Amino acid sequence: MTIALTGRIARASASRPWLTILGWVVLIAASVVLAGGLGDALTQADRNLVTTESDTAAAIDSRERGDGTGPITETVVVQADDPAALAAGADAAADATATVAGVDSATVLPAPSQSGRSALVQITVDRDHPEATGTDLLAAVDGLAVDGATFSSYGPLTGEAMFDGLAEDTLVRGELIGIGVAVLILLVVFGALVAAGIPLLVSLVAITTAVGATAVVGAAFDLSFFIVNMITMMGLALGVDYTLVTVQRFREELGHGRSPLDAVTVAGSTANRAVLFSGLTVLVSLAGMLLVPNTLMRSLGAGAMLAAIMSVVTALTLLPAVLRLLGSRVNKGRIPLSRAGREPRAWRGIARVVTGRPVASLVTGLVALVALAAPIAGIRLAFPGLEALPADNEFRVASEVLVEDFGFGGESTVVAIEGASSDPAAVEELAAWIEDSPGFAETTVDVRGDAAFIDTKDVYGGADPRAEQAIVDLRDHIAGTGLDAYVGGDQAGGLDFTGLITEATPWVLLAVLGASFVLLLIAFRSIVIPATAILLNLLSAAAAYGLMVIVFQWGLGAELLGMPHTEAIAPWIPLFLFAVLFGLSMDYHVFLLTRIKERHDAGDTTKAAVVHGVSRTGSLITGAALIMVAVFAGFALGDLAEFAQMGFGLAAAVIIDATVVRTVLVPSLMTLLGRWNWYLPRGLGWLPEMRIEAEPAPVRPEREPALVPVAR
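Read the sequence shown against the numbering used here and you will find it ends at 712, with the numbers running on by one and no gaps.
Calculated from the structure, these hints are not laboratory results. Predicted model only: the values in this text are computed from it and were never measured. Careful, some of the hints might be misleading.
Unchecked claim - The list that follows gives simulated cross-link-like pairs (lysine to aspartate or glutamate, EDC-like), each with its CA atoms no further than 16 Å apart:
1) K457 to D423
2) K457 to E435
3) K457 to D446
4) K457 to E400
5) K332 to E252
6) K457 to E442
Model the full assembly from the supplied sequences, consistent with the hints where possible.
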């Protein structure tokens, strides 16, 4: 009789439960202390870790024109139909903003508006301003009250504060919705208050300790402040996932007459081993984001990986100790009329229908996913512009007024030229070409010593494909001029970031798919299982991408779902979704296949083993999926287009994976493959025997420990 390593870890933790819990209390306390200084370790900057053309242009601009050392300019846009109200509003805005810490001056500009119904207050802010200046300016403007006048802010500091606030509100909303829905679903899945509370407890511990670890990592590397939200999102999703499968197995073993310690050992040898391999596949998938040379992508990947690591560690050590202490009390607080823990007739019935008609089920599922994935052929990658914000968003309102009523503002492009003094005629010719180009307007030349700058306004902005094409055409033209010139600006920066993502994508795919194949190959000792898992997961992700194109680019159903209609998908979204979804999909796949292989190795036919696996994991996978969908849907309902795309894509993919893939495609395909599911070429017989499932531990009578320490 053998016990897996994870079973021995679980038994050791459960044998001394209070000592284990004490160790975790110390770790949690240390994490809280470390998290207190986390703010100093995080940055709001999103920078590339390799130098792009737009980065070079910005560096030359800063060096020659001192753009990185002078004061920062902010603008308050005042609107009113009555001239008296307009003047009073402008004076009030100047007075209110002048007192904000970090502000050097606030002046009403004499520049007339075309409509006569707008005025501007220009604010200069010291570059060494307090961190909260942007937020304080927004608060000062929001607090203005002048009859007949409205106010909106525009500038780098207020823009950053506004976007950060929207992002934070969106993320917090997603977390709150996810936790609320998680409580309800866990009650349905377990049918008992105590059992339902355990996954949330373990998730909270995993999130807290992962945040503490982030403070340590942040001392050595640049990390985005979004990493904390990523940890919360993934910690909740994975913590619930891993706890669900272990608690369910523990309750099953208690029902078979095992003592709490032996039930923990069996759950550790089976469910926790699946958790370990699932965690490894999740880590491999998320590690792909570390290959992208950008602080945001690496921060998101690092945050998700830390959450995954701590979710696995808590499931392997803390959870067994808690379950041992609870024993049969895990079933306390039963909900009347709940069918949790009874024979899963609905899932067994679905599994029998699918395995009874495997060809029809497989073809139907594949056709549905291919149809959903087809629109991916028309996907466009570009950052959404201000038009993706709500029409009443003050930053969007201010930007539109600046462009329409004052003739300035909006996006611009700069061409930085080194050694311009050697060929001034070529610089003038380039400026003339830019002025004549349909994508640019109001071009000027600024000579600074040996360098020159061509400043021009973008005619098209946001995700308009003509804006991107204008930059591409400009760079192509410059390549033939012989000038040492670099194109920068908002559009050029977005195009360069898209290029970074595009260049990194093949390497990310190769690393994630290759490592996942090897892990599943070792775990299940089959080349068919990992091959089919990868193909189905890729198809599931493609279907999610297709739905994103349909809703966001085409606008079909966008208004009904409360989603913004954008002309493109943010460049970082597809690769981010791939890494997260591939990890979560493998998560479900390992849980399902563990149950199937366990019964197959016990002598069941493939069909019978598949029916058993689907019936035993169906409610768990669906419950975990619904929790994640709730979290992601909360993100999708925010005001930021990029977060809406992220939330919708994640939610759609999880629904597809938990229903079509795990319920239809996997069972039907495994039924058709039969014994070929477990095919391993003789040449790979040397692979280590690392089976996920294990034989149950022997039954030994054992008393349940007290819920409080007992002195000996």
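Evaluation of the provided hints:
For a cut-off of 16 Å, the pair hint linking K457 to D423 is broken: about 24 Å separates their Cα positions. Using a Cα cut-off of 16 Å, the hinted pair K457 and E435 holds, with the two alpha carbons roughly 10 Å apart. Distance check on the hinted pair: K457 and D446 sit about 14 Å apart at the alpha-carbon level, within 16 Å; holds. At most 16 Å may separate the alpha-carbon atoms for a hinted pair to count; K457 and E400 meet this at roughly 15 Å.
Note on K332 and E252: the hinted pairing holds, with a Cα-Cα distance of about 15 Å set against a maximum of 16 Å. For the given pair, K457 sits about 6 Å from E442 by alpha-carbon distance, which is consistent with the 16 Å threshold.
Comparing the model with each numbered hint stated earlier shows that hint 1 is the single one that does not hold.
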